[in-house]
Amino acid sequence: MSSEANLDQLIPAWLDLVRRSDVALGLAPQEALDRAERLLQDLRSSSSSLNGWKGDADEVEVLHALTAVVCRDQPPDPENALRDLEVVFTYISSLRWFADQYGGPGELLAYCAVHGWRLARQYSRWPETEKWRQRTCVYNESDKRVSRVLSILALGGEGLATELSVRDTGLLLCLYERIRSQVETSPFSVREYSEILYSFLQESWEGVELGDENHHFQGEFALTAGTASRFLFKMDVAEAWLRKAEESFSIAANAEPFLARVAYQRLALAVEQRKLDEVLDLSPRWAATFRRLDMIEEALKCRFLEGVSHAERGETVNAIEIHLPIIREAEEVGNTRLVALAAINLSQFFAELGKVEQALMYARKALPLLERLDSRVHLVKLQISMARLSQKQGQLPAALDAYQQALAKAAGLAARGDVAAIHLVIADVLLEMGQETEAEAEVRAALPIIDEEKMVPEGIAALSLLRESLRRRQIDKQALRDLHGYFQEK
Amino acid sequence: MSEHPGQGSQAARRARSRRVVGSASGASWAALEDFHRDFFLPLVWRATYRHGLSKEDARDIVQDAFVLAITELRADGNPRAWLNQVVDNLCANHRRKESRRTHLVSRWGLGDLAAEGLWEDVTEQDRE
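Protein chains in written order, with the working numbering: chain X, 1 to 490; chain V, 1 to 128.
Okay, the calculated bits of chain V under chain X, using three or more residues with CB under 8 angstroms as the criterion:
(1) 28-36
(2) 46-52
(3) 64-70
(4) 79-91
Listed next, with one range per pair, are the computed distances between beta-carbon atoms:
(5) Glu453/X to Ser99/V: 51 to 61 angstroms
(6) Ala99/X to Arg74/V: 18 to 28 angstroms
(7) Trp53/X to Ser28/V: 21 to 31 angstroms
(8) Glu158/X to Ser54/V: 39 to 49 angstroms
Okay, derived cross-link-like pairs now, SDA-like style, lysine to any residue, Cα gap no bigger than 25 angstroms in a straight line:
(9) Lys55/V to Arg35/X
(10) Lys144/X to Glu72/V
(11) Lys55/V to Asp56/X
These aren't lab readings, by the way, just hints derived from the structure by calculation. Backbone N, C-alpha and C define an ideal beta-carbon position, used for all residues, glycine too.
Can you build the whole structure from these sequences, using the hints too?
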């Protein structure tokens with residue numbers, strides 16, 4: 001077995017050898033292609049057996065020829081081409097290889113997977129596209145390159161072209177997958193990276209003939225930037241990125257599932273902006289559209305937003321009725337994240353109805369799932385929910401502790417809106433505990449954020465809390481004057 | 001067909017091995033056979049079947065990739081992925097060059113020149 005560690009010695013020795021003697025190049029290409037065609041016929045009719053596979057040079061070369069046969073650009077019948085890709089992918093992945101002999105099967109499988117994704121995205125349905133995308137990320141040997149691209153992005157993106165080519169679909173898919181998976185844990189970095197990549201793609205595609213793939217990837221990175229902006233409570237920025245995503249996807253082929261994903265983000269944004277009537281009107285319709293497109297998880301997420309909107313309007317029983325089947329169906333399709341989010345919400349809803357046992361049951365269900373997913377945004381939410389439960393039960397020190405943990409996590413996420421709101425809630429608990437001075441300190445910590453982020457309801461709450469604090473202590477009018485002065489100066 | 005590094009007699013292999021070991025960086029014959037199997041051949045197949053090159057052009061391109069690797073290959077990367085990428089780029093350049101050459105031959109009627117093998121003597125400047 002060739003050791004990759006010895007390449008610095010092997011390559012010069014190899015070049016030296018080849019200068020003085022010929023080396024074997026394998027089969028004649030036409031013979032390999034003929035054998036590949038015969039193998040493909042056998043695979044189509046399920047008459048090829050794995051038992052005869054020896055894994056010698058000729059057989060592996062025929063597999064290379066076979067992948068070239070099934071990965072032709074612009075096949076006349078994309079559906080048949082996808083079927084061929086499926087049988088070849090399944091066949092190669094079930095062969096027994098001795099480690100990386102003849103390069104191993106990974107490269108062949110990655111080649112099939114990228115072609116499968118390209119065809120499926122343009123001509124097939126969402127689950128097919130997703131299947132090939134996931135396969136690409138499993139078999140593409142891009143881990144180290146993705147890490148290097150991320151390091152460049154972390155430094156502002158200078159020199160990105162040395163590591164990233166717009167022609168490298170496999171790398172772009174893996175990069176997109178890695179960045180998207182961090183949207184909840186590191187929304188700030190995700191937004192920054194996505195913005196850089198969007199601009200990079202926009203500038204680099206000129207003169208490169210790749211059909212509509214450029215528009216597709218621009219759409220994906222714009223959508224990720226929009227989602228991350230929503231997590232960071234930058235609503236206007238999120239809206240602008242979602243518009244860019246829509247524009248890019250609209251130009252690409254087979255755009256409906258991708259445009260629907262933008263529509264879902266718009267709905268989620270509408271929830272944040274408290275446009276609840278709009279969400280209640282559109283969610284069931286989009287859920288039906290997602291089911292028509294075989295996008296079951298997205299359909300469940302729409303119902304989730306519908307449930308949240310009911311809850312925001314104080315219709316807690318309706319919210320519970322919608323959430324219960326979401327948990328069941330999300331478990332069926334294996335979407336752990338959605339199970340966890342629905343469980344957090346159910347915990348809050350039952351708490352509001354005073355059903356503490358059920359509230360705790362769903363909180364306990366959510367906690368390990370969120371920790372496994374390292375979903376810090378939602379861990380903040382869960383800790384707030386558990387703090388509220390403690391507060392309701394009159395366990396103020398426990399409530400204070402849980403709110404402070406939530407505050408530390410929110411601060412780590414740079415979620416400034418959440419940080420300000422949690423400071424105010426902590427101030428409220430401290431007032432209940434008779435700790436007016438500490439409560440004032442919490443309100444003062446929230447004020448600059450409330451001002452910068454123009455959080456009007458939170459500003460009113462801050463003033464009320466401060467007034468209450470001063471009334472209880474019957475003192476220090478100067479503090480109140482200072483606070484008024486703070487807003488007037490600004 | 002050219003001789004495979006692993007196809008010769010034991011004595012011949014030992015003789016070659018000594019020659020290689022003596023002249024090139026201390027790599028053993030067995031290691032070179034493995035290198036031929038695990039790196040050289042997969043790259044030649046990649047260039048042949050994915051990029052449509054003849055076996056001989058594929059071999060030359062893979063050799064060019066190895067020459068580049070001596071100075072450019074990074075210790076912290078994935079050498080196989082790097083070599084694949086370099087071979088892909090070199091194949092794309094090769095095909096662009098071929099396509100430009102075909103276009104010029106058909107435009108300027110240089111078929112006879114090409115057939116007689118004189119094409120290579122025409123300078124790049126003349127061709128443009």
